[in-house]
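These protein sequence lines map, in sequence, to chains X and A.
By the working numbering, the letter at position 45 of the first sequence is numbered 54, and the numbering carries on one by one without gaps.
By the working numbering, the letter at position 103 of the second sequence is numbered 112, and the numbering carries on one by one without gaps.
Hints were generated in silico from the structure; no laboratory data involved.
Backbone N, C-alpha and C fix where the C-beta goes; we use that ideal spot for every residue, glycine too.
Treat each hint with caution, since some may be false.
Pairwise CB distance ranges (calculated) [as the list claims (entries may be wrong)]:
{"no.": "1", "chain 1": "A", "residue 1": "P71", "chain 2": "X", "residue 2": "D169", "range": "49 to 57 Å"}
{"no.": "2", "chain 1": "X", "residue 1": "D169", "chain 2": "A", "residue 2": "T198", "range": "31 to 39 Å"}
{"no.": "3", "chain 1": "A", "residue 1": "E74", "chain 2": "X", "residue 2": "T198", "range": "25 to 33 Å"}
{"no.": "4", "chain 1": "X", "residue 1": "R172", "chain 2": "A", "residue 2": "I86", "range": "57 to 65 Å"}
{"no.": "5", "chain 1": "A", "residue 1": "H346", "chain 2": "X", "residue 2": "D151", "range": "54 to 62 Å"}
{"no.": "6", "chain 1": "X", "residue 1": "L299", "chain 2": "A", "residue 2": "K306", "range": "44 to 52 Å"}
{"no.": "7", "chain 1": "A", "residue 1": "L101", "chain 2": "X", "residue 2": "R291", "range": "23 to 31 Å"}
{"no.": "8", "chain 1": "X", "residue 1": "K380", "chain 2": "A", "residue 2": "P256", "range": "52 to 60 Å"}
No farther apart than 20 Å at their CA atoms in a straight line, the calculated lysine to aspartate or glutamate pairs in the EDC-like style are these [what the hints assert, rightly or not]:
{"no.": "9", "chain 1": "A", "residue 1": "K306", "chain 2": "A", "residue 2": "D381"}
{"no.": "10", "chain 1": "A", "residue 1": "K379", "chain 2": "A", "residue 2": "D151"}
{"no.": "11", "chain 1": "X", "residue 1": "K300", "chain 2": "A", "residue 2": "E73"}
{"no.": "12", "chain 1": "X", "residue 1": "K321", "chain 2": "A", "residue 2": "D231"}
{"no.": "13", "chain 1": "X", "residue 1": "K260", "chain 2": "A", "residue 2": "D231"}
{"no.": "14", "chain 1": "A", "residue 1": "K321", "chain 2": "X", "residue 2": "D357"}
{"no.": "15", "chain 1": "A", "residue 1": "K300", "chain 2": "X", "residue 2": "E73"}
{"no.": "16", "chain 1": "A", "residue 1": "K321", "chain 2": "X", "residue 2": "D284"}
{"no.": "17", "chain 1": "X", "residue 1": "K321", "chain 2": "A", "residue 2": "E73"}
Next come the chains, spelled out residue by residue.
2 protein chains.
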Amino acid sequence: MQYELISVDDHIIEPPRVWVDRLPSKYHDQCPHVVEEEGREFWYYEGNRVDTMGLNAVAGRPQEEWDMDPVRYSDMIQGCWDPVARAEDMRLDGVVGTVCFPTLPRFAGTLFLGFQDKEMADLCVKAYNDWLIDEWCAAAPDLYIPMIITQLWDPQKGADEIRRMAARGARCITFPETPDPLGLPSYFTDHWDPVWQALEETGLACNMHIGTSGTMQSPAKDAPFHVTIMLAQASAAIGMVGMLEAPVLRKFPNLQMVFSEGGLGWIPAQLERCDRMWERHRMWSGLDDLKPSELFKRNMYGAFVDDSVGLKLRDHIGVDRILWESDFPHVETMWPHSQDVMKRLTADLTDHEIDLVTNANARKLYNWPKKDEKAGAA
Amino acid sequence: MQYELISVDDHIIEPPRVWVDRLPSKYHDQCPHVVEEEGREFWYYEGNRVDTMGLNAVAGRPQEEWDMDPVRYSDMIQGCWDPVARAEDMRLDGVVGTVCFPTLPRFAGTLFLGFQDKEMADLCVKAYNDWLIDEWCAAAPDLYIPMIITQLWDPQKGADEIRRMAARGARCITFPETPDPLGLPSYFTDHWDPVWQALEETGLACNMHIGTSGTMQSPAKDAPFHVTIMLAQASAAIGMVGMLEAPVLRKFPNLQMVFSEGGLGWIPAQLERCDRMWERHRMWSGLDDLKPSELFKRNMYGAFVDDSVGLKLRDHIGVDRILWESDFPHVETMWPHSQDVMKRLTADLTDHEIDLVTNANARKLYNWPKKDEKAGAA
Numbered sequence: 010m011q012y013e014l015i016s017v018d019d020h021i022i023e024p025p026r027v028w029v030d031r032l033p034s035k036y037h038d039q040c041p042h043v044v045e046e047e048g049r050e051f052w053y054y055e056g057n058r059v060d061t062m063g064l065n066a067v068a069g070r071p072q073e074e075w076d077m078d079p080v081r082y083s084d085m086i087q088g089c090w091d092p093v094a095r096a097e098d099m100r101l102d103g104v105v106g107t108v109c110f111p112t113l114p115r116f117a118g119t120l121f122l123g124f125q126d127k128e129m130a131d132l133c134v135k136a137y138n139d140w141l142i143d144e145w146c147a148a149a150p151d152l153y154i155p156m157i158i159t160q161l162w163d164p165q166k167g168a169d170e171i172r173r174m175a176a177r178g179a180r181c182i183t184f185p186e187t188p189d190p191l192g193l194p195s196y197f198t199d200h201w202d203p204v205w206q207a208l209e210e211t212g213l214a215c216n217m218h219i220g221t222s223g224t225m226q227s228p229a230k231d232a233p234f235h236v237t238i239m240l241a242q243a244s245a246a247i248g249m250v251g252m253l254e255a256p257v258l259r260k261f262p263n264l265q266m267v268f269s270e271g272g273l274g275w276i277p278a279q280l281e282r283c284d285r286m287w288e289r290h291r292m293w294s295g296l297d298d299l300k301p302s303e304l305f306k307r308n309m310y311g312a313f314v315d316d317s318v319g320l321k322l323r324d325h326i327g328v329d330r331i332l333w334e335s336d337f338p339h340v341e342t343m344w345p346h347s348q349d350v351m352k353r354l355t356a357d358l359t360d361h362e363i364d365l366v367t368n369a370n371a372r373k374l375y376n377w378p379k380k381d382e383k384a385g386a387a
Numbered sequence: 010m011q012y013e014l015i016s017v018d019d020h021i022i023e024p025p026r027v028w029v030d031r032l033p034s035k036y037h038d039q040c041p042h043v044v045e046e047e048g049r050e051f052w053y054y055e056g057n058r059v060d061t062m063g064l065n066a067v068a069g070r071p072q073e074e075w076d077m078d079p080v081r082y083s084d085m086i087q088g089c090w091d092p093v094a095r096a097e098d099m100r101l102d103g104v105v106g107t108v109c110f111p112t113l114p115r116f117a118g119t120l121f122l123g124f125q126d127k128e129m130a131d132l133c134v135k136a137y138n139d140w141l142i143d144e145w146c147a148a149a150p151d152l153y154i155p156m157i158i159t160q161l162w163d164p165q166k167g168a169d170e171i172r173r174m175a176a177r178g179a180r181c182i183t184f185p186e187t188p189d190p191l192g193l194p195s196y197f198t199d200h201w202d203p204v205w206q207a208l209e210e211t212g213l214a215c216n217m218h219i220g221t222s223g224t225m226q227s228p229a230k231d232a233p234f235h236v237t238i239m240l241a242q243a244s245a246a247i248g249m250v251g252m253l254e255a256p257v258l259r260k261f262p263n264l265q266m267v268f269s270e271g272g273l274g275w276i277p278a279q280l281e282r283c284d285r286m287w288e289r290h291r292m293w294s295g296l297d298d299l300k301p302s303e304l305f306k307r308n309m310y311g312a313f314v315d316d317s318v319g320l321k322l323r324d325h326i327g328v329d330r331i332l333w334e335s336d337f338p339h340v341e342t343m344w345p346h347s348q349d350v351m352k353r354l355t356a357d358l359t360d361h362e363i364d365l366v367t368n369a370n371a372r373k374l375y376n377w378p379k380k381d382e383k384a385g386a387a
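Using the sequences plus the hints, can you model the full thing?
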């Protein structure tokens with residue numbers, strides 16, 4: 010393998026028993042569990058029945074077969090839900106580290122935010138996190154970089170969970186790019202300070218995947234779905250600019266945030282616009298001296314799957330602020346051709362730059378040293 | 010002057026008598042007119058009273074004084090509302106052509122869409138267009154490139170108005186970047202075909218200014234106003250991607266669209282993402298063979314005020330698809346320093362490229378030849 014790759018954005022398809030194996034039996038009817046009905050498999054929770062969605066698990070299937078129809082576990086390649094098979098799939102592609110987002114709990118675990126029974130929701134969050142460490146990551150501890158979810162309805166509980174899981178080896182959390190559309194207080198309030206405080210204290214990073222807030226951009230109600238996907242990077246831009254101008258990074262200057270699946274190429278133009286508007290509006294708006302582009306380079310990361318414009322503009326972004334993502338097993342993934350894609354994308358980069366964007370930036374961000382470095386430090 | 014500049018995006022502050030001078034006297038109480046009250050000036054129409062807004066007319070005032078408080082006509086520099094003074098201001102900055110958007114009627118004339126009395130609304134649209142030709146443009150016919158508004162509530166009336174005004178010298182219209190948020194049928198329907206048909210037939214261009222639809226992006230209800238301004242280019246991206254995937258450019262392949270005040274630097278990344286998603290989703294979504302980036306280069310233009318990233322990426326956009334804008338007299342304008350800004354921005358461009366982005370692309374798009382070319386042709 011020519012490139013040692015760390016992917017900061019992959020996706021777990023949770024196996025059926027994550028919650029029923031961990032919650033007391035009185036919750037088994039209400040906590041997430043899989044039921045076979047009408048010859049198909051459904052997730053059930055709190056009386057809701059949901060389909061699995063086909064586009065979430067296309068890796069290894071021919072493009073002609075991709076669609077939004079539900080698929081069975083047996084229709085997916087095993088690496089979607091089995092961490093041992095996944096580890097094989099990753100190694101095949103040259104991936105030596107991977108940060109995985111939840112699927113049934115949704116990014117940041119927003120599913121549990123909607124639960125009526127908040128006691129059960131709390132147990133579900135903890136069960137996912139414990140399962141992640143004890144079963145998913147344990148299957149290949151050098152490969153899986155643990156990312157946890159938190160109790161979004163209670164920042165103090167979320168902070169406690171961050172501390173509990175940091176002690177268990179967690180390296181980062183998944184969190185909404187903006188909480189406002191979820192009906193939660195915005196990042197322009199101090200509501201989330203316990204979470205930011207816990208992240209700073211533990212050194213965990215914060216991954217803000219596009220679409221976590223549940224909002225997507227579209228020109229019209231009758232626009233086809235693929236238009237929304239083409240516009241998905243706007244979700245990262247809205248989260249990023251909001252965070253640049255919110256009090257959060259002023260109060261917690263060591264936080265590190267990743268805009269997962271947001272792409273890179275738009276970031277220089279967005280920062281140039283932010284700086285220009287900061288310059289033109291700062292007097293009447295009473296803005297402080299923190300220039301948006303400088304704040305980005307201190308506290309934020311962008312990420313790419315296949316983004317030649319972004320890598321061309323790496324000096325505008327900061328080559329130490331760029332991460333790679335595989336997006337396995339979703340539609341965007343280049344798996345199992347990531348080595349070829351990386352070769353095409355990095356033809357103009359120096360060896361040092363290639364090292365940074367393929368793995369060294371991720372190792373630093375997630376405190377995930379190489380095996381020999383770990384051994385050396387011990 | 011080193012650069013001959015054509016600005017495709019400036020703003021008229023309409024003088025008080027545009028409508029009362031043109032509508033029958035029975036409408037004078039209800040059509041837009043200015044009233045002096047409480048020592049201030051207000052626009053009145055259909056029983057509504059509205060403030061003028063200060064940030065719309067900051068040119069020539071020191072930045073320390075900019076704010077959103079209402080200003081009187083006498084507080085603005087005369088070039089805001091007087092076409093003779095404006096022409097002097099433009100020449101001072103090296104501007105030889107300017108496309109001006111309406112203010113009180115709002116971009117695309119969406120104000121009149123909301124009028125109860127649609128007979129009066131129709132007269133108001135026509136009055137603005139006639140005033141534009143007879144008074145605004147007539148004050149400097151070589152400078153002002155006429156842009157008209159249409160009857161948005163009736164595409165056939167809009168088409169008729171396009172034909173009427175094309176015969177009077179109009180070169181383009183202002184139109185919503187997406188009509189859906191205005192409560193109108195989207196561009197994914199055939200509702201607007203009469204307008205597109207009239208534009209193709211007359212050769213008029215279509216200018217889609219950010220924010221025309223009335224929607225702006227924001228991470229939260231309590232985010233400060235300047236965050237919305239920093240995110241304004243998302244409005245252009247939503248309009249552009251929607252139009253790339255709508256049936257419009259397939260049925261009317263000669264249309265030319267400008268995304269006014271949208272900026273340039275984000276376009277290459279957006280097109281790269283569109284092409285990639287087109288490639289990944291085209292099978293299950295049943296998309297045709299028109300690659301988004303190729304459609305952009307056939308039918309669309311981007312525009313810049315001060316955008317070094319965009320000009321660096323000019324080969325990705327197409328150097329023949331780039332236009333300049335002054336945004337006079339709004340906050341973004343570099344007036345009266347446009348020559349200096351252009352020098353800084355175009356340091357790496359060839360003379361031919363500079364000619365294209367400063368004026369030649371605009372001359373071609375708006376059918377606006379140089380004086381000597383016009384004389385030669387006559």
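What hint numbers does the structure not satisfy?
2, 6, 9, 12 and 17
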